Amino acid sequence: MNMATFKQTQPLLEGGVDLPLFHQRLPPQKEKVLIVLGATGTGKSRLSIDLATHFPAEIINSDKMQVHKGLDITTNKITPEESQGIPHHLFSVIDPNVDFTATNFCNLASTSLQSITSREQLPIIVGGSNSFVEALVDDKNKKFRSKYECCFLWVDVSIPILHSFLSDRVDRMLERGLINEVRAMFNPNNDPDLYSRGIFKAISVPELDHYFRMEPFLDKKGRARVLEKAVKDIKINTCKLAYQQLEKIHKLKNVKKWKLHRLDATDVFKKRGKDADEAWENHVMEPSIRTVGRFLYNFGPTFSYNDDWRPIATTSTTPALAASTY
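If you count the sequence shown from 1, position 171 lands on 455 in our numbering, and the numbers rise without skipping.
There may be inaccurate statements among the hints.
Lysine-lysine pairs mimicking DSSO-like chemistry, simulated, CA-CA at most 27 Å apart [claimed, not checked]:
1. K535 - K431
2. K353 - K524
3. K314 - K427
4. K524 - K541
5. K424 - K543
6. K532 - K543
7. K532 - K516
8. K535 - K427
9. K537 - K424
10. K485 - K524
11. K519 - K541
12. K314 - K540
13. K537 - K431
14. K541 - K424
15. K431 - K504
16. K353 - K426
17. K427 - K543
18. K427 - K541
19. K485 - K532
20. K524 - K426
21. K314 - K537
22. K537 - K426
23. K505 - K519
24. K540 - K524
25. K426 - K541
26. K537 - K524
27. K535 - K426
28. K535 - K314
29. K485 - K543
30. K540 - K431
31. K540 - K427
If you are wondering where the hints come from, they were derived from the structure by calculation, not from laboratory data. Owing to the predicted nature of the structure, the values given are computational and were not obtained by experimental measurement.
Just need the whole structure built from these sequences, with the hints factored in.
Dropping the structure here:
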C-alpha cells in the first residue's frame with residue numbers, strides 16, 4: 285500500500301457503499317506528515333520504526349547532534365540493525381565541526397519531505413530537537429502549514445523513572461566504548477570555543493575534556509576519581525536535557541496549542557524483557573497505529589481496520605475530522 289491510497293482512494297463502507305458525495309467533493313488534501321516528540325530516551329526512534337513497518341514511510345531525523353557525522357555511541361544513533369531497512373534521512377550528513385542551525389534543518393527537511401512524498405511515502409519526523417521542529421512547522425510565512433497536515437505523537441515517561449533509565453543508559457554507552465570514541469576526537473590543543481559548535485556540543489564531549497587533559501598527570505586512583513566526576517556530570521546533563529525537552533513539549537502543547545497525542549510509556553520502563561515489550565505494544569505501539577490510521581484516512585474512531593490497515597465502517601458513516609492540528 286502506498287501513499288496514493290491515503291490521498292486518492294476513498295474507502296468504501298461495508299457492503300461497497302461509496303462515501304457521501306459531499307466528502308468526495310472536498311478540496312484536495314494536503315500532504316500528511318507524522319511528527320514523533322519526546323524527551324531523550326523515551327523510545328521515539330523505536331516508535332518511528334514500529335510505525336514505518338506498518339505504514340509506507342520514511343524517517344527524517346530532527347536531532348541536532350545525530351545529523352553530524354561521527355560519535356555514533358555518544359549521540360545514541362540507531363544501528364543499521366535497529367533501522368530494519370527503513371530509509372532514514374539527515375543522519376550523519378553534516379561535518380562534525382560545522383554548526384547546524386534551525387534554518388539549516390528547515391531547508392534540508394523540506395527537501396527530504398518533498399522527496400519522500402514524491403515517492404508516495406509518509407514522512408515521519410523524529411528527534412529530540414523540538415526547537416527545530418517548531419521552526420519547521422510554525423515558519424513565519426506559514427508555507428509548511430499550507431502544504432502539510434500533521435499528526436503529533438508524544439512519547440512520555442515520568443521524570444523519576446526516565447532519569448533512572450538515562451543513568452543506566454550512560455553506563456551502557458560506556459560499556460560500548462563511549463570514552464574511546466570521544467577520545468579519538470580529543471586534541472589537547474583544542475580551542476575551548478570548540479565545545480560551542482558542531483558535534484562537540486554533544487553531551488559527553490565537553491565533560492570528558494578535563495579528564496583527557498588531566499589523565500597523563502594522574503596516578504590510577506586520580507584518573508578514576510576524575511573519570512567518575514566526568515561520568516556523573518554526563519548523567520546530570522543528560523537528565524537536564526530531558527527536562528528541558530519536556531518543558532519545550534509542554535510549551536508547544538499549552539502555549540502554541542499543538543494537539544499532541546500523548547502516549548504514556550512509563551509502565552514500559554518499569555518492566556523488563558517480554559513484560560516490557562508487551563507493555564510497549566499495549567501502551568505505545570498499538571494506540572499509535574490506531575491514531576495514525578485515523579489520521580491517514582481522515583476517519584474517526586468509529587472505523588476499525590483490516591489486515592492491510594484499510595478502514596472498515598462499524599457504527600457511523602460520517603467522516604470525522606483528521607486527528608491533527610497545529
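**Message:** For a C-alpha distance cap of 27 Å, please report whether K314 and K427 respect it.
**Reply:** OK: K314 and K427 at ~12 Å, within 27 Å.
**Prompt:** Can the restraint linking K426 and K541 be considered satisfied, given a maximum Cα separation of 27 Å?
**Reply:** holds, 16 Å
**Item:** Pairwise hint evaluation, K427 against K535, where the allowed Cα distance is 27 Å at most
**Value:** holds, 22 Å
**Prompt:** Can the restraint linking K485 and K543 be considered satisfied, given a maximum Cα separation of 27 Å?
**Reply:** violated, 31 Å
**Message:** Check the hint pairing K427 with K541 against an upper bound of 27 Å on the C-alpha distance.
**Reply:** Given pair K427, K541 holds - Cα atoms ~19 Å apart, limit 27 Å.
**Message:** Can you confirm whether the C-alpha distance between K535 and K426 stays at or below 27 Å?
**Reply:** With a Cα-Cα distance of about 19 Å, the restraint between K535 and K426 holds, given a limit of 27 Å.
**Prompt:** K524 and K426: Cα distance at most 27 Å?
**Reply:** Given that 27 Å is the threshold and the Cα spacing comes to 32 Å, the pair is violated.
**Prompt:** K314 and K540: Cα distance at most 27 Å?
**Reply:** holds, 21 Å
**Item:** 27 Å Cα cutoff - pair K532, K543
**Value:** With Cα atoms ~14 Å apart, K532 and K543 stay inside 27 Å; holds.
**Proposed proximity, K504 with K431 (alpha carbon, max 27 Å)** = Given that 27 Å is the threshold and the Cα spacing comes to 60 Å, the pair is violated.
**Request:** Verify the proposed pairing of K353 with K524, using a straight-line Cα cut of 27 Å.
**Result:** holds, 24 Å
**Prompt:** Can the restraint linking K505 and K519 be considered satisfied, given a maximum Cα separation of 27 Å?
**Reply:** holds, 21 Å
Hints 11, 15, 16, 20 and 29 from the list above are not met by this structure, while the remaining hints are.
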